[in-house]
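A.B. asks: Here the protein sequences line up with chains A and B, keeping their order. Residue numbers for the first sequence follow my numbering, so the first one is 62 and each next one is one higher. Residue numbers for the second sequence follow my numbering, so the first one is 2 and each next one is one higher.
No wet-lab data here; the hints were simulated from the structure. Don't take every hint at face value.
[As the list claims (entries may be wrong)] 20 Å max Cα-Cα, derived SDA-like pairs, lysine to any residue: (1) B:LYS44 / B:HIS65; (2) B:LYS141 / A:ASP110; (3) A:LYS99 / B:LYS61; (4) B:LYS138 / A:LEU134; (5) B:LYS138 / B:PRO99; (6) B:LYS44 / B:GLU15; (7) B:LYS141 / A:PRO107; (8) B:LYS108 / B:ASN89; (9) B:LYS108 / B:ASN143; (10) B:LYS106 / B:ARG85; (11) A:LYS143 / B:LEU153; (12) B:LYS146 / A:VAL123; (13) B:LYS141 / B:ASP97; (14) B:LYS138 / B:ARG85; (15) A:LYS143 / A:VAL123; (16) B:LYS141 / A:GLN102; (17) B:LYS138 / A:PRO107; (18) A:LYS104 / B:ILE147; (19) B:LYS57 / A:VAL103; (20) A:LYS99 / B:VAL64; (21) A:LYS99 / B:LEU117; (22) A:LYS193 / A:SER173; (23) A:LYS175 / B:ASP134; (24) B:LYS106 / B:PHE116; (25) B:LYS136 / B:VAL64; (26) A:LYS104 / B:LEU102; (27) B:LYS136 / A:GLU233; (28) A:LYS112 / B:LYS136; (29) A:LYS193 / B:LYS71; (30) A:LYS112 / B:LEU88.
[Claimed, not checked] Far from chain A, some chain B residues (derived; all Cβ distances over 12 Å): (31) GLY81; (32) ASP97; (33) LEU100; (34) THR137.
[Said to hold, decoys possible] Across the chosen pairs, the derived CB separations fall in these ranges: (35) B:SER41 / A:LEU84: 47 to 53 Å; (36) A:GLU198 / B:SER41: 55 to 61 Å; (37) B:SER17 / A:LYS220: 55 to 61 Å; (38) A:THR92 / B:LEU107: 23 to 29 Å.
Using N, Cα and C, we set each Cβ at its ideal position, and we do this for glycine too.
Chain residues, written in single-letter form:
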Amino acid sequence: MAKKPRRESPTVNASSMADIAFLLLIFFLVTTTIDTDKGIQVKLPPWSDEKPDPLKLKTRNVFSVLVNFNNELLVRGEPMEKADLRDKTKEFIMNPQGLEDLSESPQNAIISLKNDRGTEYETYLTVYNELKAAYNEIWDEEAQKQYGKSYSDLDFEAKKAIRADIPFVISEAEPTDNENK
Amino acid sequence: MSKFSKKRGASTPEISTASLPDIIFMLLFFFMVVTVMKESTLKVQVSVPNATELEKLERKSLVHHIYIGKPTAQYQAQYGTAPRMQLNDQFAIIEDIPLFLEQEKLKVREEERDFLTTSLRVDREATMGIVSDVKTKLRKSNQLKINYSARLRQGDL
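Produce the entire structure from the sequences given, and follow the hints as far as they go.
C.D. replies: The following block contains the structure:
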């Protein structure tokens, strides 16, 4: 009588599974990037061929920030460090002490930013970041005062109301070209 | 005499490598989730600056990229070391921007064209000359939603 063949299910050799997995992994490592998909969101002003009339604005309502090709800041005629920009901007906009040379009200406050063609982009972005941060902090403080919540927790209408009270108005002028003169 | 005799011929048990593919698959899934397919090979060196007021780019399908930086080593012989702009896969000049924007508009539906965002990936050492030329051209082409790419800055200035 023939012996019953030993029932043994053939085991699949799984050693090549690791190789397949390595290949796929290397493929993904090579073809993809851990992208930075975050950034500062900006809405540019529409283009108009006529130059804006600078004379209509009162000097006290304009916070001028000039950046030269050596990446130095000149704010309202005085040199300033980037680290001080945020607090000085907040002081200008809100004018808590009602000083004569700061803005009449947050509604009238305008920031004017002028760069040089030789300014480094990193400096430009840091300056823009500090100005935006000043407004974000002010909006946060307003939201806390009015609603007891942080600005990002508010609903769309409440955010719109705060932004209408304290509008983010920044005017960027054509850059100067002092390095090549 | 001893009841405890060492088994003859027993070698140290082999380490089972059956779980190795599982570890690799976990790594693989991690990378698949965390990364995105490169849209185009960068021909310019871009190291974005740091900032704190960052917002995520929503709806990646409505985002196109403009890269500005120094050409990479292999292109420096041909294009020099001054910052240049790259649109999709090719080096480009400022005048190419309106056509590029038109092509991007055609890729999306009518209703979504107003939500197109331009992501500016500019190297931190690039100068503002070329960046403001690009911004002016974008404004003239009525492309007003832009996003300056940046990494999160830890710590204070």
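A.B. asks: Hint by hint, work out which the structure violates, then give me just those numbers in ascending order.
C.D. replies: 4, 6, 10, 12, 29, 30, 34, 35, 36
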